[in-house]
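Participant: In the order they appear, the protein sequences are chains A and B.
Everything in the first sequence is counted per the numbering used here, starting at 8 for the first residue and increasing by one.
Everything in the second sequence is counted per the numbering used here, starting at 560 for the first residue and increasing by one.
Because the hints were derived from the structure by calculation, they are not lab data.
Note that CB positions come from ideal geometry on N, CA and C, so glycine has one too.
Worth double-checking, as some hints may not be accurate.
Unchecked claim - DMTMM-like cross-link-like pairs, simulated, lysine to aspartate or glutamate; straight-line CA separation at most 20 Å: (1) Lys187/A - Asp994/B; (2) Lys757/B - Asp997/B; (3) Lys79/A - Asp242/A; (4) Lys228/A - Asp160/A; (5) Lys713/B - Glu83/A; (6) Lys187/A - Glu224/A; (7) Lys565/B - Asp944/B; (8) Lys79/A - Asp57/A; (9) Lys228/A - Glu238/A; (10) Lys187/A - Glu1087/B; (11) Lys213/A - Asp122/A; (12) Lys213/A - Glu1087/B.
To be verified - Covered stretches of chain A, going by a simulated chain B footprint (3 or more residues, C-beta under 8 Å): (13) 19-30; (14) 52-64; (15) 193-199.
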Amino acid sequence: MSTRELFTLTNRHFKTSVGITAAIFVVTAIAGFIVLPFAQPWVQFANVWDAICSAAGVPQRAASVTAPEQSKRMSEVVLTSNTLSRPSQEAIGRGATLAQRCAICHGPTGVSRADSPNLAGQYAAVIYKELHDFRTGARTNAVMSPFAVNLTDQEIADLSNYYAYLPRLPAYHPTPQLPKPNIVIYGAPMRGIAPCGACHGSLDNKTGSPWLEGQSEAYMKAQLQAFASGERRNDISQQMRNIARAMTPQEIEQAAAYYASQPPDVVKAVD
Amino acid sequence: MLVNRKLILAHFWLAFAVFGIALTLGAWQMFIRSPIGTWLSNPELYYRSLTAHGTVMGYVFPTLVAMGFGYAISESALEQRLVGVRWAWAGFWLIVVGAIMAMVPIALGRASVLYTFYPPLIGNVFYYLGVVLVVVGSWIWVALMSVNLRVWRKAHPGAPVPLAMFANVAGSYLWAWTAVGAALELLLQIIPVAAGLKATIDAGLARVFFSWTLHAIVYFWLMPTYIAYYTIVPRAIGGRIYSDSMARISFILFLVVAMPIGMHHTFADPQVGAGFKFIHSAFTALVALPTLLTVFTICASVEIAARLRGGRGMFGWIGALPWDNPMMLALAFSFVMLGFGGAGGLINMSYQLDASIHNTQWITGHFHLIFGGAIVIMYFAIAYDLWPHLTGRELIDIRLIRTQLWLWFIGMIVTTFPWHWVGILGMPRRMAYFDFGDPAIAPQALSVTLSAIGGFILLASGIMFIVILARGMRAPQVDAGPYRFALAVHQPTTVPVALNTHALWVALMIALTLTNYGYPILNLALSEGTSVPAVYVGAQ
């Protein structure tokens, strides 16, 4: 007995098993590729081949559907976890020079006294993304937009690296530390809200999300409201808009007040 | 004739040690996301634990049990010394190194991607390399099983291969081929991205590759259990196998139809055509066939034992069974759990019914009932049965063994039944936190609490299992005699070549893989623009 005697049509086990397997395959294929596609009255096929291609998952371009026109600009920034990592000393130096013009609002040490964001020690990818979005108009602000519109790619990168390089200083909002509100530590799972810290640094950082500790309460509140109303729209895939829309006004206030009262040194460092 | 006892014991001990760790993590997970635990504020810890639990329970534990049991079968069923002992040790150490290599990044929170990888999530490259080493180590076992059978055939030309070895080699071939899917996913898709050579990944294609592995791996886990049904249980309870041919047909059917069915895991995925989903669904229905054959044959075999013990009547023989025998108990529990789990599985494989339970807790309930319940309880039985032959010492705690099996059965039912139920209510799986204070899910709190209690019963049972085996290492010495497998009512003297070799069935398995996976894989591999940016776990 050897397998050579097995793989011949004279062996009835071979004939039967291959025959049954092939028959099952053919029957299920006919059912799956021809009978069932035509059994769906709501789908129209030009011919049998069309039905087979559809059932096989051949990519088809829908003929008459055009993408809806965007009335406003979308963010075009592509961030990876390697964006701007390991900057040179020269880049940081150039950024320091450029940052002179930012100091009036964001403070000479990157810590603001004007309810503008503190930039000292902010993740480089965050500054990079926001400056790009201000330049393209994906994010607009009466003060920031004119500053950003003439920046080159190189200048944006240098500024981002400079501010990321600065040490994180305690901010000018030294309210007594508040207990953690639920919206910050748990989010609200039933409304699809993740804990803030899942992206914003205290638990984990997702590329492009800023850390928030010690930022201006008024600024954070205004941004959450802008996200909720759709006025601000440079978040990727509406991540922040979806969250802000689902937050109650009280939760927005709690989150902003809580983060403003925190020292920035608890935030995860960048690798 | 068990010669390489140390080798087999090493596999079993490593398997049960990692099982103990993963079981503890599992119980903790059940607790922490139930209403009785306080919310742990970092969900990443939950996913870290979940990844470790899945990686150990899915890859390391069953593979080691199958390997250890496989070596034991090869030596005792073929009655020949294991050929390639050094290679076997090499395979064992590869698994040790691989498991450690995978566990370090998981423990550091660098690979919280869950054991099914979930691209475009990308973890630390050493996690994936560790898994690859585990698989490579197990492939050495596959090769050794094949080589040992070949050596035996040369010495016994034309003789029927003992059933246990025939089934064991079928299981090893099934594993060899089904692991190829995950290996392709890792080598072609994930590892290049994890190593930093690419920044995008074709997540759809990766999922199709994984589905190639994901369902047949279940039948690989199942193989030792089915081998125990056929070749250990009848002997242990004093009966005979009702039909040797039926057993062989069941195992070859697993080889053929376990493979081309994995896409029922991707029913909700848009990248696979509906026609292929239907074919996979139909073939999944066929895989019930070997299980039904087995249930029939084993019930008949058990009935033989009962009638030999004086059982009478249509159902009266059931009372005559040796219910104080742990093997009988394990079999009965295993069948009950297999019955419920199998019924749930029929829902999962139906294209339409699946929609209502897809990605809910129903699925986790289902595979814990089948794998953790029906399969693992027979792993316990196998260990109890083999232990005296491996250690040369008697297992004296029969009462404790029975308690352990009872607890495992009760624990698994208490864990998985409410789990299925909340799945029907729509509770999603893979969630680190549920706010049971919310009126929408508050009614599920009781079911989830019950599940968590079941988890602790399982943990207690698992600890008892390890204690029993450890005590068995110090018990008084005894000569357990040669390890034997059950005989059939009509012990085969000649077997048709088709049922004595695997070539035809392996060929059919590969052919069906080509027909059922060929086009979907090629289509995705050759299409432009199907890749998405990788999402790095733990990256800033």
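Participant: Against the structure, test the hints numbered earlier, and report the numbers of the ones violated in rising order.
Facilitator: As far as the earlier hints go, 2, 4, 5, 8, 10, 11, 12 are violated by this structure, in ascending order.
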